[in-house]
Amino acid sequence: MPGTSTALDETPLILVLLRRADDALVLGHRLSEWCGHAPTLEEDLALANIALDQIGLARALYTEVGTLTDHDEDQLAYLRTDRQYRNCLLVEQPNGDFAHTMVRQFFYSAFVDPFWRASCTSCNPAVAAIAAKAEKESAYHLRHAAEWLIRLGGGTPESHRRAAAALDALWPFTNELFEIDSAETALIADGIIPDPPAIRPTWDSGIDRVLARATLARPTDCWMHSGGRRGLHSEHLGYLLAEMQSLHRTYPGAKW
Amino acid sequence: MVNTVDESLRQRALAAASGVVDPEIPTLSIAELGILRGVAVHDGAVEVTITPTYSGCPAMNMIALDIELALARSGIDQARVRTVLSPAWTTDWLTDGARAKLAASGIAPPPHATSRRALFNAPTLVCPLCGSADTEQISEFGSTACKSLHRCRACREPFDAFKCL
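Sequence order for the protein chains is A and B. Its first residue numbered 0, the first sequence is counted upward by one per residue in numbering that gives the first Met the number 0. Its first residue numbered 0, the second sequence is counted upward by one per residue in numbering that gives the first Met the number 0.
Derived from the structure by calculation, the hints contain no laboratory data. Incorrect hints may have been included.
To be verified - Coverage of chain B stretches by chain A, computed from C-beta distances (three or more under 8 angstroms per stretch; other residues unrestricted):
(1) 54-61
(2) 75-87
(3) 139-145
As the list claims (entries may be wrong) - One-sided excerpt, in silico: chain A residues whose CB lies under 7 angstroms from chain B:
(4) Asp52
(5) His99
(6) Lys135
Stated by the list, open to error - Which chain B residues stay away from chain A? Per the calculated CB distances, all over 10 angstroms, these:
(7) Gly37
(8) His41
(9) Leu68
(10) Ala102
(11) Asp133
All residues carry an ideal CB built from backbone N, CA and C; glycine is no exception.
Given the sequences, and given the hints that come with them, work out the whole structure.
Here it is in structure tokens:
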């Protein structure tokens, strides 16, 4: 009978792959919550498309983790608890209004787009292969979020107010994107992943350029949330996982 | 030295797999789209290699199933379908014939270029229905992961375009 939990020996490579995979899966799930609820039909399609890209990326990463740990992607996605999830806190934040969803996507895509581009030259062939696909798709996601932010900022007083509120609410979650620990440091030194702090100037200038066009102010730096990479999450992730995992946990090994 | 039995099996499998069409764009075969990357024979068993256009493309499972069915219909039971990510799929792999077929079925083919990096200013596409260049983009995300949505200002018709990746 299939197990009801997944235990992993997290080597640095496994940990780093899981962080990227969990980011993509959790954000993909959040975006899929918009399906049927987006402001327009075109936007419904766009959000569902981006969700699919994220989940596809997560699957590729879980498959690679699976070959290293002898697990399949379902065991990794459906049978780990919130404390075993390694995603950053930004991606698990609730959708809120459309402005919150777009700001969350913008902050995230502005980081992963240069991150995956730099990962294309990874010494690890699997990482390089996954990065080569991800970087093409993240360019679309970044452009989509940036264009929306410009429209919201320059739209009506109400859309401007909501976009500004979303920027302030999600800003404290951005520093975690650039955090590294000893696991990442080792892989950076070996040329397996790029150095997230080195991506910060690209991120900063991208954020500033788009916010200037959107006539929105860059939030002032403040106390920054952290913990997701170590499995310490906001309460929102528990509800998300409960919904995502309930079917698989109720009917272990269920297949379509 | 090429094993002639294996080579004839490989040719038969290649012909069968090449005939599988994309379930979302049935006007094109997976060979024309560049999704079919290769067919090999190892110890009498066929291995078909495919690559996704987009990583989350929901048609991949169906394409793999269709390949197995096509091979079985050609009498090849010992087969497996393998998905590879590298080298990453690009619209440059679309043959000129495939581009012409796309346009004929009302889908604007992608421009000849690598994926677009610039943040703003989408390239102008020619309307596949009336040929006018006076078109605008409605959304970068269309009915499938690989298409975007456009409108022709001349004939007023909406149309899909294959995204440049």
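Does the no-contact call for Leu68/B survive, Cβ to all of chain A over 10 angstroms? holds, 18 angstroms
If you look at each residue in the region 75-87 of chain B, do at least three have a Cβ nearer than 8 angstroms to any Cβ of chain A? holds (count 5)
Hint Lys135/A vs chain B: min CB-CB distance below 7 angstroms? For Lys135/A, the interface hint holds, since the closest Cβ of chain B sits about 5 angstroms away, which is under 7 angstroms.
Closer than 7 angstroms between Cβ atoms is the bar; does His99/A clear it against chain B? Give me holds or violated. Violated, because the Cβ-Cβ distance from His99/A to chain B comes to roughly 19 angstroms (cut-off 7 angstroms).
Regarding the assertion that Gly37/B does not contact chain A, is the least Cβ-Cβ distance greater than 10 angstroms? At about 16 angstroms from chain A, Gly37/B clears the 10 angstroms cut-off, so the statement holds.
Status of the stated non-contact between Ala102/B and chain A (beta carbon gap over 10 angstroms): At roughly 22 angstroms from the nearest Cβ of chain A, Ala102/B sits farther out than 10 angstroms, so the non-interface label holds.
Mind taking a look at whether chain A covers the region 139-145 of chain B? Criterion is 3 or more residues with CB to CB distance under 8 angstroms. holds (count 5)
Under 7 angstroms is the threshold here; is the Cβ of Asp52/A close enough to any Cβ of chain B for the hint to stand? holds, 5 angstroms
Examine the region 54-61 of chain B for residues whose CB is less than 8 angstroms from any CB of chain A, and state whether their number is three or more. holds (count 4)
If I take the minimum Cβ distance from Asp133/B to any residue of chain A, is it greater than 10 angstroms? Given a closest Cβ separation of 20 angstroms, the condition holds.
The output says His41/B does not contact chain A. Does that hold with a beta carbon cutoff of 10 angstroms? The claim stands: His41/B keeps its Cβ more than 10 angstroms from every Cβ of chain A (closest is about 19 angstroms).
When held up to the earlier numbered hints, the structure conflicts with hint 5 and nothing else.
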